[in-house]
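Colleague: Sequence:
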Amino acid sequence: MTEASRGGPYRVPRRENGWRAFAFAVATHALLFVFLWGGINWQNTQPVAVEAEVWDLTTQQAAPPESQPEPQKTAPEPEPEPEPEPVRAPPPPPPPTPAPPEKVAPPKVDPEIALKKEREKKKEEEKRVAAEKAEEKRKQKAEDDRKLAEQKKLDEKKKREEEAKERKLAEEKAEKQKEKEEELAEKKKAEEDKKKLAAKEASKKAAEKASADKLAKQRADEMRRIMGAAGGSSGTAEKSTAPRMDSGYVAAITAKIKSNIAYSGGDAPGNPRAEFKITQLPTGEIVSVRKVKSSGIPAYDTAVENAIAKSSPLPKKKDGTVERDINAGFNLKDLP
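The sequence shown begins at 4 in this note's numbering and counts up one residue at a time.
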């Protein structure tokens, strides 16, 4: 019972041992080598050639003493004998024809075994094809994964570059917006400062106007009071109201007025002087200002008159009293 009939795997029957054929081939080659070696040695044995020269010896007679000796004749050299032709070696015998290998009868193939072998071969072929397809699929998947990873890296790099570009554009836009806002803020601040300055000037002018109106009203009231009391005044009263000047008191008033003079004109020849008569209340508030002498420079006269109005109320004496009327002069070159 064969292995195929028992259900075991089919095995190809082994051929007979080939050592006999191998030994026969080695012996044949060794014999051929011996024949060749013997033929070569026999061919190299050549006959020894002998060469000989023959000389013709003749007796020469002596010549008489009176005559010159005749030249001796030289015998001709014999021609050398030709060398014998070498004997050619016989051709080596042809190598013996190797014996044909023994024919081995092919084993008988069982049809069932052959069919099973064919099925197994087909199954192995299918496995091989499936393995090749699986390997090809694996390689293709690896290549696809590599391309996908590379594309992903390129996409990420492109995304980072786009994000960096967008950030840069956003920063530039923010910087421009910031500069624009700062410029608008500076412009707005300048406008506000301008408005504040205008409002301050307007307020200052309004205050000056109110002060001037108040001063004018006080002057009018004082003049009415003075005119009403003029009829009942006596010489003694006039004497009592005569000015009693204090140099320190006048200097304090003059210093305060000078500190308020705002004159930006140029120098003038000499030292121009403007004199004013100032009338004030017992509280030191100025009632009226009258120019007694002009300096010859209208702008300087106006600056001094405005400074007198700003200096109200004027300083008082040490005892707290004031002089009702004060004459004060201001030289241009004495300004601080």
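No lab work stands behind these hints, which were simulated from the structure alone. The beta carbon of each residue, even a glycine, is placed where N, CA and C say it ideally should be. Hints are supplied without guarantee of correctness; some may be wrong.
Stated by the list, open to error - In silico DMTMM-like links for lysine to aspartate or glutamate, alpha-carbon gap of 20 Å or less:
1) Lys-259 x Glu-211
2) Lys-320 x Asp-304
3) Lys-336 x Glu-278
4) Lys-150 x Glu-139
5) Lys-319 x Glu-288
6) Lys-294 x Glu-278
7) Lys-294 x Asp-322
8) Lys-217 x Glu-115
9) Lys-208 x Glu-189
10) Lys-183 x Glu-165
11) Lys-150 x Glu-174
12) Lys-313 x Glu-288
13) Lys-220 x Glu-278
14) Lys-125 x Glu-115
15) Lys-199 x Glu-189
16) Lys-259 x Glu-288
17) Lys-280 x Glu-308
To be verified - So the derived label-pair ranges between C-beta atoms look like this:
18) Glu-138 x Ile-116: 56 to 62 Å
19) Ala-24 x Glu-128: 17 to 23 Å
20) Lys-161 x Glu-189: 39 to 45 Å
21) Ala-193 x Leu-338: 44 to 50 Å
22) Lys-140 x Lys-119: 47 to 53 Å
23) Lys-198 x Leu-338: 41 to 47 Å
24) Lys-142 x Lys-181: 55 to 61 Å
25) Asp-147 x Ala-188: 40 to 46 Å
26) Arg-163 x Glu-128: 39 to 45 Å
27) Gly-332 x Asp-216: 25 to 31 Å
28) Thr-31 x Lys-126: 32 to 38 Å
29) Lys-176 x Leu-151: 51 to 57 Å
30) Asp-147 x Lys-168: 28 to 34 Å
31) Glu-189 x Leu-157: 29 to 35 Å
Colleague: It remains to establish, for every hint, whether it holds in the given structure.
Modeller: Against the structure, the hints come out as follows:
no.	hint	verdict
1	Lys-259 x Glu-211	18 Å, holds
2	Lys-320 x Asp-304	27 Å, violated
3	Lys-336 x Glu-278	14 Å, holds
4	Lys-150 x Glu-139	16 Å, holds
5	Lys-319 x Glu-288	10 Å, holds
6	Lys-294 x Glu-278	6 Å, holds
7	Lys-294 x Asp-322	29 Å, violated
8	Lys-217 x Glu-115	145 Å, violated
9	Lys-208 x Glu-189	28 Å, violated
10	Lys-183 x Glu-165	26 Å, violated
11	Lys-150 x Glu-174	35 Å, violated
12	Lys-313 x Glu-288	10 Å, holds
13	Lys-220 x Glu-278	24 Å, violated
14	Lys-125 x Glu-115	15 Å, holds
15	Lys-199 x Glu-189	15 Å, holds
16	Lys-259 x Glu-288	13 Å, holds
17	Lys-280 x Glu-308	10 Å, holds
18	Glu-138 x Ile-116: 56 to 62 Å	32 Å, violated
19	Ala-24 x Glu-128: 17 to 23 Å	34 Å, violated
20	Lys-161 x Glu-189: 39 to 45 Å	42 Å, holds
21	Ala-193 x Leu-338: 44 to 50 Å	33 Å, violated
22	Lys-140 x Lys-119: 47 to 53 Å	31 Å, violated
23	Lys-198 x Leu-338: 41 to 47 Å	33 Å, violated
24	Lys-142 x Lys-181: 55 to 61 Å	57 Å, holds
25	Asp-147 x Ala-188: 40 to 46 Å	59 Å, violated
26	Arg-163 x Glu-128: 39 to 45 Å	52 Å, violated
27	Gly-332 x Asp-216: 25 to 31 Å	28 Å, holds
28	Thr-31 x Lys-126: 32 to 38 Å	46 Å, violated
29	Lys-176 x Leu-151: 51 to 57 Å	36 Å, violated
30	Asp-147 x Lys-168: 28 to 34 Å	31 Å, holds
31	Glu-189 x Leu-157: 29 to 35 Å	47 Å, violated
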